[in-house]
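*Asks:* Starting from the given sequences, assemble the full structure and let the hints guide the process.
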Amino acid sequence: MSKLGRLNRGETNIDFLKWWKIGLAISVFLMVVSVGSLLTRGLNLGIDFKGGVSWEVSAPGVSIDETRTALESVGEGTAKIQIVGTDIIRVQGPESTPEHTVEVTKTLAELANTEPANVSFSTVGASWGGDVTRSAIRALVFFFIAILIYLTIRLEWRMAVAALVAVIHDVLISVGAYSVFQFEVTPGTVIAFLTILGYSIYDTIVVDDKIKENERFVGQSGRLTYGQMTSMSMNQVLLRSINTTVVSLLPVIALLVVGAGIMGAVTLEEFSIALTVGLLAGAYSSIFVAAPILVWLKEHQSKYKVIRERLQAQGIDIAHASARVDLLGAGVGSAAISATSTPVVGNSVSAPASIAAPSGVIPPRPRKNQRKR
Amino acid sequence: MRRLRGFGSLLVIVIVAASALIYTLVAGNKPLLGLDLQGGVSVVLKPKQQVENDTIDQAIAIIRQRIDAIGVAEPEITRQGDNILIQIPGVKDKERALQLVGQTAELQFRPVLANVPVTPQEATTTTSGDPAATTTTVAPEASTSSTTIDPTKTVGGLPLDVCTSGLSAEEINAAGQAILPQCKDGQLVGSYAVGPVALTGSALETARANLGNSGQWVVAPTFKSGDDGIGGFNGIAGQCFTKGSTCPTGQLAIVLDGRVLSAPSINSQSFKADQIEISGSFTERTAKDLATALKYGALPVEFEQQQAQVVSATLGQDALHAGLIAGLVGLIAVAIYMIAFYRVLGLFAVLKLGIEAALLWSIISWLGANNGLALTLAGITGIIVSIGVSLDSNVVYYEHLKEDINHGRSIRSATDKSFVSAFSTIVKADVASLIGAALLWWLTVGPVRGFAFYLGLSTALDLLTSWAYMRPVVKLATRSKFLLSRPRILGLPAEKTQERANAKSSNRPNAEVSQ
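Note that the protein sequences, when read in sequence, are chains Y and E.
Residues in the first sequence are numbered consecutively from 53, following our numbering.
Residues in the second sequence are numbered consecutively from 20, following our numbering.
It cannot be assumed that every hint is accurate.
List time: in silico PhoX-like cross-link candidates among lysine-lysine, alpha-carbon distance up to 25 Å [unchecked claim]:
(1) Y:K70 <-> Y:K357
(2) Y:K264 <-> E:K447
(3) E:K291 <-> E:K262
(4) Y:K102 <-> E:K65
(5) Y:K132 <-> Y:K264
(6) E:K447 <-> E:K494
(7) E:K203 <-> E:K172
(8) Y:K132 <-> Y:K158
(9) E:K436 <-> E:K494
(10) E:K67 <-> Y:K102
(11) Y:K102 <-> Y:K355
(12) Y:K264 <-> E:K436
From chain Y, some residues computed to sit far from chain E (all C-beta separations above 12 Å) [unchecked claim]:
(13) V126
(14) R190
(15) V242
(16) A244
Just so you know, the hints here were simulated from the structure itself, not pulled from any lab data.
We put the beta carbon where it would ideally sit given N, CA and C, even for glycine.
*Replies:* Set out below in structure tokens:
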């Protein structure tokens with residue numbers, strides 16, 4: 053059976069307990085790099101956050117040097133000049149008077165051989181970026197609180213906390229990427245970061261919902277530790293996570309490649325870089341950050357601690373998660389749960405269904421909503 | 020008919036989407052494009068000092084008058100907290116627009132030299148203020164009179180449309196003497212020749228409107244003490260009371276931003292600072308308007324230009340084209356992926372996008388036409404992003420279906436059963452997105468708001484179409500014997516019911532032995 057085929061049937065058998073350790077190492081490494089870069093290099097903030105004037109004009113064939121020479125006559129010789137997209141010249145200077153702004157606009161129009169009306173410019177007061185950032189951060193804090201409450205109500209507080217940690221992880225890494233590569237941070241980037249939050253939460257909820265479903269069937273039967281059950285849930289939602297990430301990424305990559313790359317729309321580039329990084333981080337973190345944190349929290353809960361210790365006492369391998377559990381029984385109502393654990397490299401003990409029902413094991417709860425079908 | 024139970028919502032949503040789209044196309048509604056896409060001027064003004072609500076509103080009214088004066092189609096002026104966001108699409112003289120909105124308006128007290136009738140110079144019509152009546156007639160050649168006659172101007176030399184076109188600062192302050200209009204609801208109702216500025220609004224302490232002794236609405240301004248306040252006022256009031264050469268009419272005009280608000284006659288030699296009453300034929304509204312204007316004059320709102328953006332029409336259109344083409348390419352790529360992966364079910368998912376697109380386009384166009392809500396580049400990004408959110412609902416459902424079928428459920432029974440679980444997941448996830456979008460919308464400013472709005476809108480549409488379209492359409496497909504017997508075309512694994520029945524006698528189902 054091909055791996056892809058198994059993936060397609062949700063029958064992969066990846067030991068996430070093992071991968072989480074690797075994931076932890078990767079996440080810690082990335083976060084250290086992000087925080088380190090933020091502290092030492094900082095962010096390349098656009099004029100929207102520092103205050104200043106920015107001009108843009110489509111000027112095919114005009115070089116940066118030519119622009120600088122032309123701008124020296126109006127005292128903007130030190131301005132930052134870039135060619136963005138294919139032929140758009142972008143000039144950024146400090147805050148100045150409206151008259152001066154008009155003067156530069158005219159100079160650029162002459163240079164680009166066009167009307168002043170074809171020159172875009174934007175002036176930003178130094179406090180504006182601060183206002184935008186403050187309001188975004190305030191919204192962010194409220195968002196975190198609201199999500200925490202909502203997930204606590206709909207799922208449970210441990211999942212809410214795990215989801216939140218995953219989100220913070222994603223934002224940190226995305227912002228870190230902007231710091232490491234010194235991409236310019238604009239209001240567009242802020243929007244993209246906010247989108248990342250949405251994606252990350254969304255993805256984590258879908259995964260958590262699956263865990264919750266399995267928790268009912270498996271967790272209470274006491275045959276798997278919470279970690280093993282979660283790993284199994286991961287295998288079941290893996291294809292969904294991959295497909296979702298692909299369908300979300302395709303339009304964003306189109307924005308990046310077609311919109312920004314081929315057609316040279318600068319604003320699209322700002323959105324799409326952050327979104328690409330954030331989407332990948334979001335898909336990764338629901339599996340490699342939110343899930344292990346949830347497991348960690350859960351296995352401190354006495355119910356699951358007891359199960360874990362009992363399984364350990366029985367000599368059942370709890371360090372690996374290759375146990376496959378057929379959930380069909382619970383699903384169809386025959387209440388038969390069979391658990392087998394395929395031997396993992398040498399020393400593990402397989403647990404056939406017969407010994408997996410020692411006295412004291414909580415019997416599988418009958419499905420609550422036994423609907424007609 | 021029983022067979023069709025549960026499919027009503029499918030019919031409804033398809034009809035609603037189709038008719039909404041047809042209506043939008045027939046009515047010619049199009050999304051209103053934001054400044055970043057069509058070019059124009061956008062300014063954010065922040066008051067330099069703490070201000071009261073009604074003074075901000077007064078400031079907005081003044082700014083609106085000024086923008087109307089440049090003759091722009093649909094300026095949008097909104098308050099965001101204490102900030103004022105001004106968006107002027109497609110304006111030609113961008114520098115002038117920028118200059119005009121930032122200037123602080125001044126309240127002035129000026130003696131009235133003469134009441135000037137507002138009849139057109141040609142005097143062919145007896146009524147005033149109707150430019151349409153005169154512009155069609157041909158202006159006669161200037162006769163013996165030394166002044167040329169301009170039928171578009173009043174006898175006093177004011178343009179007939181001065182109330183909508185405004186006067187320049189030079190005209191208002193020309194040589195200390197000027198002819199200024201009095202406007203009511205955008206119509207010219209009178210004009211005054213006024214003398215030099217005797218006093219500015221800074222002499223005022225405050226003002227309020229109340230019911231006077233006679234039961235009429237009056238406006239009661241309170242002046243500051245000292246020579247800069249009531250002293251200055253009494254100086255000019257005395258001249259007006261005696262109808263001296265500086266104030267022959269005995270009237271004192273209250274002028275705000277070059278327009279005469281009121282020109283009351285002075286009835287006393289001198290006044291006490293807090294015992295002044297302006298009476299006349301005020302209604303409650305006009306009295307309050309004047310009081311607000313006086314209050315504003317006492318403390319004119321000075322603005323700081325927080326952000327100004329001027330987007331050239333060409334750059335805006337380039338961004339729009341790039342966004343649309345990128346969106347289209349992304350859409351095609353996603354459609355290919357979904358159909359390759361889920362076959363017929365994938366096609367349903369793409370059709371679901373189509374229904375959402377039709378609804379979204381109609382809603383955006385409608386909002387653009389009726390609420391002036393513009394579609395910005397940030398909004399377009401929000402929509403492109405929501406493609407992923409929408410398709411995710413399908414992926415969640417389809418994967419659930421596949422899992423149930425792999426576990427031995429029949430396709431038909433799985434469609435209903437899986438939908439219940441999958442929809443619960445979709446609702447949880449979508450509601451989280453909606454919470455996020457709503458908070459962003461309430462708590463942020465500028466481009467983030469536009470993005471949040473469109474993300475929220477398309478998430479809500481996803482919830483709707485998931486329930487009303489995805490559920491019945493998949494169910495309908497499993498009604499087809501042709502598709503049911505060929506699950507591969509449907510994009511589902513083969514049913515295992517038979518295998519399972521066989522396997523029940525043996526200990527383990529085949530499917531799991533083979534792993």
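*Asks:* Are the hints correct? Go through all of them and say.
*Replies:* Evaluation of the provided hints:
1. Y:K70 <-> Y:K357: Roughly 20 Å separates the two Cα atoms, so the pair holds.
2. Y:K264 <-> E:K447: Since the Cα atoms of K264 (chain Y) and K447 (chain E) sit roughly 13 Å apart, the hinted pair holds (cutoff 25 Å).
3. E:K291 <-> E:K262: With Cα atoms ~20 Å apart, K291 (chain E) and K262 (chain E) stay inside 25 Å; holds.
4. Y:K102 <-> E:K65: OK: K102 (chain Y) and K65 (chain E) at ~17 Å, within 25 Å.
5. Y:K132 <-> Y:K264: Measuring from Cα to Cα gives roughly 54 Å; hence the hint is violated.
6. E:K447 <-> E:K494: Holds, at about 23 Å.
7. E:K203 <-> E:K172: holds, 18 Å
8. Y:K132 <-> Y:K158: holds, 18 Å
9. E:K436 <-> E:K494: Holds - the C-alpha atoms of K494 (chain E) and K436 (chain E) are around 11 Å apart, at most 25 Å.
10. E:K67 <-> Y:K102: Distance of about 19 Å is within 25 Å: holds.
11. Y:K102 <-> Y:K355: Roughly 54 Å between the alpha carbons, so the hint for K102 (chain Y) and K355 (chain Y) is violated.
12. Y:K264 <-> E:K436: holds, 17 Å
13. V126: holds, 15 Å
14. R190: Given a closest Cβ separation of 6 Å, the condition is violated.
15. V242: violated, 7 Å
16. A244: violated, 8 Å
Consistency with the previously given hints fails for numbers 5, 11, 14, 15, 16, ordered from lowest to highest.
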